[in-house]
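Per my numbering, residue 3 is the first one in the sequence shown, and the count goes up by one each step.
Each hint can be trusted.
Label pairs and their in silico Cβ distance ranges:
id: 1; residue 1: G381; residue 2: L667; range: 50 to 60 Å
id: 2; residue 1: P685; residue 2: L708; range: 30 to 40 Å
id: 3; residue 1: T682; residue 2: F90; range: 29 to 39 Å
Worth flagging that the hints you see were computed from the coordinates, not collected in a lab.
Where is the CB? At the ideal position from N, CA and C, for every residue including glycine.
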Amino acid sequence: MAKRTFSTLETFLIFLLVMMTAITVALLSLLFITSGTIENPKGFPSTESPQTTQSSTVTQGSTLTQGPTATQASPVTTTPEPPLFQNFSGYHIGVGRADCTGQVADINMMGYSKSGQNARGLLTRLYSRAFVMAEPDGSNRMAFVSIDIGMVSQRLRLEVLNRLKSKYGSLYRRDNVILSGTHTHSGPAGYFQYTVFVIASEGFSNRTFDYMVTGIVKSIEIAHTNMKPGKIFMNKGIVDGTQINRSPTSYLQNPPAERARYSSNVDKEMIVLKMVDLNGDDLGIISWFAIHPVNMNNSNHLVNSDNMGYASYLFEQEKNKGHLPGQGPFVAAFASSNLGDVSPNILGPHCVNTGESCDNANSTCPVGGSSMCMSRGPGQDMLDSTQIIGRILHQRASALYALASHELTGPLISAHQWVNMTDVTIPLNSTHTAKTCKPALGYSFAAGTIDGAGAFNFTQGTMVPDPFWESLRNQILGRPSDEIKECHKPKPVLIHTGELSKPHPWHPDIVDVQIITLGSLAITAVPGELTTMSGRRFREAIKAEFATYGMRDMTVVISGLCNVYTHYIATYEEYQVQRYEAASTIYGPHTLSAYIQLYRGLAKAIATGEVAEVTFVGANPKNSAENRTHQTFLTVEKYEDASSSWQVVHNDASWETRFYWHKGLLGHSNATIQWHIPDTAKPGIYRIRYFGHNRKQDFLKPAVILSFESTSSDFEVVTT
Numbered sequence: 003m004a005k006r007t008f009s010t011l012e013t014f015l016i017f018l019l020v021m022m023t024a025i026t027v028a029l030l031s032l033l034f035i036t037s038g039t040i041e042n043p044k045g046f047p048s049t050e051s052p053q054t055t056q057s058s059t060v061t062q063g064s065t066l067t068q069g070p071t072a073t074q075a076s077p078v079t080t081t082p083e084p085p086l087f088q089n090f091s092g093y094h095i096g097v098g099r100a101d102c103t104g105q106v107a108d109i110n111m112m113g114y115s116k117s118g119q120n121a122r123g124l125l126t127r128l129y130s131r132a133f134v135m136a137e138p139d140g141s142n143r144m145a146f147v148s149i150d151i152g153m154v155s156q157r158l159r160l161e162v163l164n165r166l167k168s169k170y171g172s173l174y175r176r177d178n179v180i181l182s183g184t185h186t187h188s189g190p191a192g193y194f195q196y197t198v199f200v201i202a203s204e205g206f207s208n209r210t211f212d213y214m215v216t217g218i219v220k221s222i223e224i225a226h227t228n229m230k231p232g233k234i235f236m237n238k239g240i241v242d243g244t245q246i247n248r249s250p251t252s253y254l255q256n257p258p259a260e261r262a263r264y265s266s267n268v269d270k271e272m273i274v275l276k277m278v279d280l281n282g283d284d285l286g287i288i289s290w291f292a293i294h295p296v297n298m299n300n301s302n303h304l305v306n307s308d309n310m311g312y313a314s315y316l317f318e319q320e321k322n323k324g325h326l327p328g329q330g331p332f333v334a335a336f337a338s339s340n341l342g343d344v345s346p347n348i349l350g351p352h353c354v355n356t357g358e359s360c361d362n363a364n365s366t367c368p369v370g371g372s373s374m375c376m377s378r379g380p381g382q383d384m385l386d387s388t389q390i391i392g393r394i395l396h397q398r399a400s401a402l403y404a405l406a407s408h409e410l411t412g413p414l415i416s417a418h419q420w421v422n423m424t425d426v427t428i429p430l431n432s433t434h435t436a437k438t439c440k441p442a443l444g445y446s447f448a449a450g451t452i453d454g455a456g457a458f459n460f461t462q463g464t465m466v467p468d469p470f471w472e473s474l475r476n477q478i479l480g481r482p483s484d485e486i487k488e489c490h491k492p493k494p495v496l497i498h499t500g501e502l503s504k505p506h507p508w509h510p511d512i513v514d515v516q517i518i519t520l521g522s523l524a525i526t527a528v529p530g531e532l533t534t535m536s537g538r539r540f541r542e543a544i545k546a547e548f549a550t551y552g553m554r555d556m557t558v559v560i561s562g563l564c565n566v567y568t569h570y571i572a573t574y575e576e577y578q579v580q581r582y583e584a585a586s587t588i589y590g591p592h593t594l595s596a597y598i599q600l601y602r603g604l605a606k607a608i609a610t611g612e613v614a615e616v617t618f619v620g621a622n623p624k625n626s627a628e629n630r631t632h633q634t635f636l637t638v639e640k641y642e643d644a645s646s647s648w649q650v651v652h653n654d655a656s657w658e659t660r661f662y663w664h665k666g667l668l669g670h671s672n673a674t675i676q677w678h679i680p681d682t683a684k685p686g687i688y689r690i691r692y693f694g695h696n697r698k699q700d701f702l703k704p705a706v707i708l709s710f711e712s713t714s715s716d717f718e719v720v721t722t
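Working from the sequences, and respecting the hints, build out all of it.
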């Protein structure tokens with residue numbers, strides 16, 4: 003290999019990078035302490051028991067959710083419910099909008115991770131738009147919130163839920179509240195707890211965090227107060243002239259037969275919900291469409307909501323005549339979907355120094371490399387492009403809204419699960435399985451995209467590590483393990499975030515997945531950015547799962563950037579060529595398959611009734627017949643505050659429990675435990691325990707039977 007040489011400028015920049023990184027790492031502990039940053043909050047499922055995977059479900063009646071309680075306990079002062087009129091066909095509907103702009107100066111912008119892209123003013127304010135829907139008798143409800151921010155952080159969501167609990171008790175919970183970021187790259191940063199995002203944000207801002215939380219909660223409060231009987235209509239339609247696929251060479255890796263089923267390498271369908279009261283008067287709209295809000299590029303310094311926000315602005319100005327922007331009763335949300343590889347800069351990538359196309363596998367220019375390859379929008383400048391794209395989105399949504407006639411009716415059901423995404427096992431066929439990985443970022447992550455290039459000599463499509471960057475990383479962060487490098491292949495690991503925990507974890511291990519159904523509509527809250535083909539596979543699988551259990555003709559909508567941020571979700575085939583989206587798929591090549599499996603489990607739970615289900619790595623139950631250390635294979639236990647202890651409420655003799663054993667190869671097996679939660683179940687915190695015996699056979703020694711036990715994470719049963 004030829005010896006690598008660097009110019010004087012590169013050498014100077016590398017020296018600065020090393021110094022800045024060292025200073026950043028050294029100061030992060032102080033940063034977290036002074037800003038009040040949290041790690042995994044109390045109540046998270048343990049990440050130290052990878053042998054346990056869990057599934058939790060929620061339906062009508064008693065509801066079950068799983069995961070952390072709020073970060074801090076607060077006195078619950080339940081707000082009285084407004085009286086609800088029940089004798090009508092439809093839903094109670096409330097809409098609300100509140101400002102969540104936060105800082106507009108001296109704070110980094112979230113999205114491009116570009117050092118020096120700090121806010122220096124304001125173009126448009128940022129809003130949280132909330133929609134609360136409830137069944138006619140008020141028994142089940144949901145809150146969907148679309149927020150003009152880059153993405154929702156776990157810390158943000160937990161604090162919102164904490165404040166809602168303080169005011170409304172158990173009315174709004176982790177299973178029936180969806181927080182979705184529009185993904186504008188021109189909003190303030192500084193509201194995350196994981197180290198990667200804190201570094202990208204150049205710190206944490208209590209001021210911005212509190213302003214965002216307050217705005218989100220206020221929008222929900224307004225929607226809650228304004229609830230009235232109404233109807234919801236759905237419509238779908240194609241939107242042209244707003245998107246290109248920014249990684250077309252990755253898309254082409256997907257099977258030809260699969261690609262042949264679609265007319266485009268981007269999803270052009272927009273889904274619209276029209277909300278009106280019983281008199282037919284307009285209340286609000288939610289639109290889902292797959293497009294990156296990045297018409298405003300990384301040279302921008304004005305806080306704004308980009309193309310999706312401009313579409314909301316136009317729709318609300320049209321409906322709220324006589325009101326200033328941000329005022330008036332009608333609320334219009336343009337929410338994110340599977341936008342991972344979708345760009346609104348429709349003139350495509352060009353070399354900014356020569357004007358020639360750089361639409362190639364590595365997005366590089368002959369002179370200047372990848373840093374010169376940038377995509378362009380349809381306008382004269384980024385402001386003009388933002389308005390052009392936003393105007394098309396508004397016009398198409400307006401037309402679909404006017405013609406919406408398919409009424410949504412039926413029960414409102416929610417399902418939620420906390421999952422250790424670093425340890426999900428996926429069956430590939432009848433004999434082989436695969437697993438997800440501890441988080442890691444590849445070299446192409448540092449290259450950025452054609453919407454915002456990275457720095458130094460990184461390029462998209464990098465398949466081999468660079469000795470210089472490896473050496474620098476090893477000196478500053480340590481070496482990644484062979485395990486994480488092997489798991490992520492063919493991704494060359496640049497930063498082994500899943501193995502870094504100082505001053506706090508660098509990436510989330512525990513994430514939440516969630517589905518809420520509103521009649522024939524299933525809203526899937528996805529904690530990341532699905533690519534176009536990933537989204538197609540995901541929707542198709544979830545729809546098929548619903549159909550298997552009798553819920554046919556469901557419309558599955560992907561709501562992106564929800565609840566916690568886990569970067570991108572590329573297909574297995576796209577992962578093999580390691581462009582930006584694949585290098586940013588942090589849980590490895592089988593990430594999409596894992597998410598599909600998890601959301602199928604939620605869909606099954608919604609369709610089949612209320613079940614808490616836990617799958618353990620187990621042992622043959624016949625061993626327990628030879629050794630009766632344990633008198634039951636399972637227990638369902640409830641935590642009693644008065645005694646600070648767990649009390650058994652069910653065992654394997656109970657009618658409500660099921661114990662299934664699944665035999666595998668080479669002595670391996672799984673045990674699945676189900677608790678069919680009765681309506682009489684008392685609200686509270688529960689867990690499921692598994693008891694078994696394994697047979698240990700050492701060479702030339704007699705076999706011995708050993709007892710073992712395993713415990714699920716805590717979950718909550720809530721009476722609604």
